[in-house]
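Take these sequences, add in the hints, and give me the full structure.
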Amino acid sequence: MSNDTGSQPTASDQDPYAPIPVDLKNPTTAAILAWLVPGAGHLYQGRRGKGILFLVCILSIYFLGLSMGGGRVVYAKWDNTEKRLPLFCQLGVGLPAMPALIQSALIRQKMDPIEINGVRFMAPPADVSEMADLHRTYGYLFEMGTLYTMIAGLLNVLAIYDAGAGPVWMIPDSEKKKRSRKAEDSSSDDEEEEAPSDETKRNQSAESPA
Amino acid sequence: MFPISLLAMFPGSQLVLYALPLIVVVSLVYGATRHETWPAILKHSWDTAVWILGFMGAVFLVILLAGWTQ
Chain A
53 MSNDTGSQPT
63 ASDQDPYAPI
73 PVDLKNPTTA
83 AILAWLVPGA
93 GHLYQGRRGK
103 GILFLVCILS
113 IYFLGLSMGG
123 GRVVYAKWDN
133 TEKRLPLFCQ
143 LGVGLPAMPA
153 LIQSALIRQK
163 MDPIEINGVR
173 FMAPPADVSE
183 MADLHRTYGY
193 LFEMGTLYTM
203 IAGLLNVLAI
213 YDAGAGPVWM
223 IPDSEKKKRS
233 RKAEDSSSDD
243 EEEEAPSDET
253 KRNQSAESPA
Chain B
3 MFPISLLAMF
13 PGSQLVLYAL
23 PLIVVVSLVY
33 GATRHETWPA
43 ILKHSWDTAV
53 WILGFMGAVF
63 LVILLAGWTQ
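Same order as they appear, the protein sequences are chains A and B.
Residues in the first sequence are numbered consecutively from 53, following the working numbering.
Residues in the second sequence are numbered consecutively from 3, following the working numbering.
Careful: at least some of the hints might be erroneous.
Unchecked claim - Simulated crosslink set (DSS-like; lysine-lysine; CA at most 30 Å straight-line):
1) A:Lys129 with B:Lys45
2) A:Lys135 with A:Lys162
3) A:Lys230 with B:Lys45
4) A:Lys234 with B:Lys45
5) B:Lys45 with A:Lys77
6) A:Lys77 with A:Lys129
7) A:Lys228 with B:Lys45
These are computed hints drawn from the structure, not numbers from a lab.
This is the structure we're talking about:
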């Protein structure tokens, strides 16, 4: 299946912003892959450049954010003490956020969460005092890490849409302004050519016999 | 030349540096979801980054003025 350009004009060699046909292969598979691993849907479709761009950009800020909060900023918790709403955004990155759900499930089944080098990686804080400890240890980096991981997840939603339906073709504002200015200039030139100036009219009337 | 000592007036201004990776990544991803060719992606990303920085600058000025009037 290809992403045809709808009612928009077809691609031209001159215009870099003109819509071009994109082979989306199986859009559903691509969208699922794009959710599981950012950029994987595009790599599956053979759109290698964009796939690598999404993979590097989204995963880099996700893991940067995760490291800012010592691997504790992504966690699942939904009880009377805390309802972890940022997780809804963080889940957008797919598999990299899944350990949070696994750790939460382990705790719900009264099992110990998995530890990596003594860190309860992506496990929800056991109580309010542990949460306070995390904030004391990481300070503003805990909030910054949460923000980074949330933005990573939200950006992957855009990438998933791009994998499933193709690019949302649009011309940047600066280019639109440039084009409208050019169009105005050319139309004013045409008017000048069509309608001669007053002086020309006067000369023409003087030259013409009475 | 911009006097760096002026930054002392804004404690915590170094936190703005955390916005830079986000601006770069958000602009690139946003641009890439609107186009398929690199020149168009990069141009759109640049425009988006300038827009975000302009918006942040405008909010900064509003907050600065609000602080001065108090």
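Hint check:
1. Between the alpha carbons of Lys129 of chain A and Lys45 of chain B the distance comes to roughly 41 Å, so the proposed pair goes past 30 Å and is violated.
2. As the CA atoms of Lys135 of chain A and Lys162 of chain A are separated by approximately 19 Å, the hinted pair is consistent with the 30 Å bound.
3. Simply put, Lys230 of chain A and Lys45 of chain B have alpha-carbon atoms about 13 Å apart, close enough for the 30 Å limit, and the pair holds.
4. Distance restraint check for Lys234 of chain A and Lys45 of chain B: the Cα-Cα separation of roughly 19 Å lies within the 30 Å cut-off, and the hinted pair is therefore satisfied.
5. Using a Cα cut-off of 30 Å, the hinted pair Lys45 of chain B and Lys77 of chain A holds, with the two alpha carbons roughly 27 Å apart.
6. For the given pair, Lys77 of chain A sits about 38 Å from Lys129 of chain A by alpha-carbon distance, which is inconsistent with the 30 Å threshold.
7. Distance check on the hinted pair: Lys228 of chain A and Lys45 of chain B sit about 12 Å apart at the alpha-carbon level, within 30 Å; holds.
Violation of the numbered hints given earlier is confined to hints 1 and 6; the remaining hints are satisfied by the structure.
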